[in-house]
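J.: So the chains spell out like this:
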Amino acid sequence: EPEVTQTPSHQVTQMGQEVILRCVPISNHLYFYWYRQILGQKVEFLVSFYNNEISEKSEIFDDQFSVERPDGSNFTLKIRSTKLEDSAMYFCASTGLRDRGRGYTFGSGTRLTVV
Amino acid sequence: SQQGEEDPQALSIQEGENATMNCSYKTSINNLQWYRQNSGRGLVHLILIRSNEREKHSGRLRVTLDTSKKSSSLLITASRAADTASYFCATEKWQGAQKLVFGQGTRLTINP
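Chains as they are written, first to last, in our numbering: chain A, 1108 to 1222; chain B, 6 to 117.
Quick caveat, the hints were computed from the structure, so don't treat them as lab data.
Possibly wrong hints are sitting among the right ones.
Said to hold, decoys possible - List of simulated lysine-lysine pairs, DSS-like, C-alpha gap at most 27 Å:
| no. | chain 1 | residue 1 | chain 2 | residue 2 |
| --- | --- | --- | --- | --- |
| 1 | B | Lys-98 | A | Lys-1164 |
| 2 | B | Lys-61 | B | Lys-31 |
| 3 | A | Lys-1149 | B | Lys-74 |
My request is simple: use the sequences and hints to build the entire structure.
T.: Right under this line is the structure:
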């Protein structure tokens, strides 16, 4: 079963530092996503990426956030200057063509702790 | 907002009993999906039901969808201790970009 791989699994960073969360989506998928889940809360959409550009972003995804797919394999989320409230579990997900009757494949997540 | 509420927020039952979780949403959708999350882990896709479907089965899972009421239910039959997890419904609407919008989730505990 193909998997979405995320690294690192845990990251602790100082407030104000930049972090890059990495993901390797499933190779033949077309749509890529970042979601986050603050501890004990629901899973929130951050951004979707298709055809090498952002297709939609949420209000959470402000100027401090950026995404890249630098080499056709990796998909990264960068937070330029982390804040305490950025502490959360970040999930990468990918999916294929619409209406194939399959859901999204999520990675195991990166737990980001900002101190 | 596309998503509504799930209920109950928490459910605790005995092993062997059936567990039913409900989900409501606010706008029209293309499909509704259910995901499972073990504590602190990733989300695992369980089942997808399209907007023109009313019921779907997969193993011990049964999902219903009532688009007139904008609601769905997930039934897990003959529950096992290993079913203990959080369960989330998520709706997908193909308006421009496609994305999933998640509900609050139901925390299910199966007592042995």
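J.: Sort out which numbered hints this structure fails and list those numbers smallest first.
T.: none
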